[in-house]
Amino acid sequence: MSFEIPFGPQHPALEESINFMFEIEEERVVSVKPRLGYVHRGIEKIAESRNYQQLVYLSERICGICSFAHALCYSQAVEQLLGLEVPERARFIRTIVAEMERIQNHYLWLGLTAKEMGFETLFMYAWRDRETIIRMLDMISGKRVHYGMSTIGGVRRDITEPMIKRIEKSLDHLEVRAEYYTKVCTKDPLILRRTVGVGILRPREARALCAVGPTARASGIARDVRADEPYAAYGEVPFRVVTYRGCDVASRTYVRIDEIKESIKIIRYALKNLPEGPIRIKVPTRVPEGEVISRVEAPRGENLHFLKSNGTDKPERWKIRAPTLANLLSLCKMLIGVNLADVPVVIAGIDPCIACAERIAIVDVNMRKLKVWNGEDLWRYANEWYQKRYGR
Amino acid sequence: MEVRQRVVSEEIWTLIQFLFFPGLFFLLFLAFFTEWLDRKIVAKFQNRYGPLHVGPKGILQPIADFIKLLSKEDITPSMADKVPFALVPVLLLAFTITPLFYIPIIGSDALVSFEGDLFIIMFLMSLISLLVFIGGWASTNRFGTVGSIRAGLQMFAYEIPMNLAIIGPAVSARSLSLSKIVEWQLCRFWNLFTQPIGFVILIICLMAHLQIVPFDIPEAESEIVGGWIVEFSGKKLALIRLAKDFEFVLASSLIVSLYLGGPYGPWYISPIVYLAKFFLCVFILSNLRAAFARYRIDHLLVGAWKYLTPLALLQICLVKILGV
Amino acid sequence: MRRSEIRRQLRIRARNIIVQNDRRFFVNIEKKDLKRVIRRLMRMKNYTHLSTITALDTGYNMEVIYHVAFTDALVSVKVQVSKEDPILPSIVEIIPGAALYEREVHDLFGIVFEGNPDLSPLLLPDDWPEDIYPLRKFWSVDKIFSKLGGRR
Amino acid sequence: MAMENELFRNLKQKPVTLQFPYEREEPVEGVRAKVSWNIDKCVGCLLCVRVCPGNAIEILGRGRKAEIKYNIGRCLFCGECVDVCPTKAIYTTKEFELVFNSQREMIIHFKRKKRSGSD
Chain E
1 MSFEIPFGPQ HPALEESINF MFEIEEERVV SVKPRLGYVH RGIEKIAESR
51 NYQQLVYLSE RICGICSFAH ALCYSQAVEQ LLGLEVPERA RFIRTIVAEM
101 ERIQNHYLWL GLTAKEMGFE TLFMYAWRDR ETIIRMLDMI SGKRVHYGMS
151 TIGGVRRDIT EPMIKRIEKS LDHLEVRAEY YTKVCTKDPL ILRRTVGVGI
201 LRPREARALC AVGPTARASG IARDVRADEP YAAYGEVPFR VVTYRGCDVA
251 SRTYVRIDEI KESIKIIRYA LKNLPEGPIR IKVPTRVPEG EVISRVEAPR
301 GENLHFLKSN GTDKPERWKI RAPTLANLLS LCKMLIGVNL ADVPVVIAGI
351 DPCIACAERI AIVDVNMRKL KVWNGEDLWR YANEWYQKRY GR
Chain V
1001 MEVRQRVVSE EIWTLIQFLF FPGLFFLLFL AFFTEWLDRK IVAKFQNRYG
1051 PLHVGPKGIL QPIADFIKLL SKEDITPSMA DKVPFALVPV LLLAFTITPL
1101 FYIPIIGSDA LVSFEGDLFI IMFLMSLISL LVFIGGWAST NRFGTVGSIR
1151 AGLQMFAYEI PMNLAIIGPA VSARSLSLSK IVEWQLCRFW NLFTQPIGFV
1201 ILIICLMAHL QIVPFDIPEA ESEIVGGWIV EFSGKKLALI RLAKDFEFVL
1251 ASSLIVSLYL GGPYGPWYIS PIVYLAKFFL CVFILSNLRA AFARYRIDHL
1301 LVGAWKYLTP LALLQICLVK ILGV
Chain A
2001 MRRSEIRRQL RIRARNIIVQ NDRRFFVNIE KKDLKRVIRR LMRMKNYTHL
2051 STITALDTGY NMEVIYHVAF TDALVSVKVQ VSKEDPILPS IVEIIPGAAL
2101 YEREVHDLFG IVFEGNPDLS PLLLPDDWPE DIYPLRKFWS VDKIFSKLGG
2151 RR
Chain S
3001 MAMENELFRN LKQKPVTLQF PYEREEPVEG VRAKVSWNID KCVGCLLCVR
3051 VCPGNAIEIL GRGRKAEIKY NIGRCLFCGE CVDVCPTKAI YTTKEFELVF
3101 NSQREMIIHF KRKKRSGSD
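Heads up: the sequence lines are chains E, V, A and S, in that order. Each residue of the first sequence is one higher than the last, beginning at 1 in my numbering. Each residue of the second sequence is one higher than the last, beginning at 1001 in my numbering. Each residue of the third sequence is one higher than the last, beginning at 2001 in my numbering. Each residue of the fourth sequence is one higher than the last, beginning at 3001 in my numbering.
The shape of chain E in the complex, shown without the other chains:
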């Protein structure tokens, strides 16, 4: 017996709206059809009517979790167009914030994956510990989610001496916790049962399907923009590209936990060698004509921004490729043959961020059928509906 099961657009295992149509045969997935398009915002179209300074904040809002990676990618693109050299200290601060964001994202991912496995306790613990790093980001930038740190020509806030002390203290705590989660994820028999050998993506397939980020690294492909094409201060900071060869969800877990540890080391190094100097330079509002491509390793994988300017203060075309879109095909590949019970875990495995993947297209797609309703309209509609139903 085979029947189709819709997975999404609303589903407890999905943080965002995406639809997978599964064909199930005795709880085994036979075919997958993804359907995007539920969270359009038309960012690329909006971008054509905003100036470069405003777009920093728009780029930040492409994604709620890897907001700094997008802002950084965009800022770098504009800096390339302007031919600017960012101050040394700003580059280090960018590295620090980017790595803190990575830690934050990976803890979030760990919690979510645990939740998909039905492991509520680990979910609570991971998110509790994530709070530590969010507080540090809050302290540096003044905000918890959209940090507003990166800007064209540097960063907006400095890291002071007392901040460094507090960050180092929190890093110690986070390192202990990361060790602990390594222990849990490698020892707990139930987690192992749910992750090992689940959602296989062989290196060949990962290469052919252009997987990026931790998804590719868990298949043994050392593909990391930070190492391939050092930006910010990554050229000066020693670090290791974490790869595992398991090709399954377990490896993706280990890659991410090890990346947390690696990020902690990077931050420590960067804090110790933080150069003195200005953090921001003045930039002109008009940007010369040209085309640039900027790449950043976001927590989820490679982020690519293509920016074409036409000499005014507004860009001609701004193309964003977020990591999730690159990993989506690999995800569909992983899902085939997987047990229905493992589907959420596998989907969580690539750390999907749907809003990132489909920032394009045009404002409100339902505009044609639905008007924007205020509370009163809704109330009236509900009443009419009930009267029709109960004949009152």
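These aren't lab readings, by the way, just hints derived from the structure by calculation. Because the structure is a prediction, the values reported are computed rather than measured. All C-beta atoms in this analysis are idealised placements derived from N, C-alpha and C, irrespective of residue type, glycine included.
Where chain E lies over chain S, by a calculated footprint (3+ residues, C-beta under 8 Å):
1. 3003–3011
2. 3030–3044
3. 3050–3064
4. 3076–3087
With chain E held as given, fit chains V, A and S onto it using these hints.
Only chains V, A and S this time, still in chain E's reference frame:
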């Protein structure tokens, strides 16, 4: 007992016992309290507060939830099989309350007790699993269907080891009455010490029966959106949740009576003893609930048939051979 | 990676290769050479993956850019497509990972990739009108709204 | 079962949850929240309008007579206007719990006091 019999007649006294203590009302409040306790303990394990605001420390939260659900709109899907869909919650509640009257709470005598009531309990517990299956199937939701299939499979997995683990104490006590088993334990060791394997198996199987975390496979919120429960709403959901609370009480009480010696002492002490053991069981179940991730259905089936069933059989053989 | 290397491997004229810096190369090619060039790029040393496909409206024409990533560089292959005849050969059979990018470009610019097995809408709704391509310069936000009959 | 120790350790600890309406965490130093105008210092240079990514600031009048309409509903709380203001007329408050019943309430109008005699 003498004094009381003079004040009211025997029939009225029985009625009071059935209705208030240790009957319906007591069980109802015990069920709500158990839910609260379970939620609170799990929250504590997870470093949160749990229910907090309704009543002192949130103790009235389950009752508030129940009343809230009762007042909500009851939706029946147009494609659903209406009669079974409406009957399942009611029957579920009835079948979970009935076995509770066979549980000894005051002294070693239950309200209703006869030779063979253990079979009735086992039978009703099987019926509960079947009802879950029917409920999911009748809702004709795709997730509900998957959930009910899983519920059926899960029943095949845990039913046999569970029944074997329930039979173990009966074999050693040479009686099929729960009260007799409790009485038999009074003058000896608890069955926990003589049949530890059975105890562990019973706890595991009861968790599967209750569908709590490592075995919440038929509900699996993150996989199939609540599974068999998904289409139930309003009053039906309220009844199902109440039935689940009663199931929790039944499970803990079964462990207490079969393996932990049940209540003992004079009539005013024994309920306290019973409750103390009962809460210990709730604590164990809640702790296990917090410490695990969810099994996959095939893992559960393999585990149950490969390990639990042979071990349960071994336990019964040991009981027979050693004569304890 | 150097200009000479790309020139030798791809067998194209040097003036078609624009070197922005030592990590960014833009290669202008003809439509008919697309598959051959992509195939050759894939065989080059240090090839990692196809990063994405960008399309942009240059007025009369449209430009499709294939960003091919190497460990030490990013080669962007540019192809011109006219608006009257927006057809390009698909590269899905060479790089399966390009499927979604091609669908995305098809959605937003109306460029047809011949050989792509599935060009159904990826991002736009199923009942989106055939002739509206949101990211072409002709379709401003207001125009799309008036066409769809909604209000701003 | 790898987490059993951790579970029992947490049993003794106080929960980490903040019971929000009753317990509040002080916002950190330099939090980016609602901004406010010291309208007397404003010279109407339009810089804040230019940098505002959400077009939340509207300016009425010119120069020294300029008045500000600040739409909190569109504000991203980026603080860019605070940084850019040449006369430091804009400052960040620590109000971050912003709830309104209607869209009209979200627009704050900073008016200048009428100076007697000068007009």
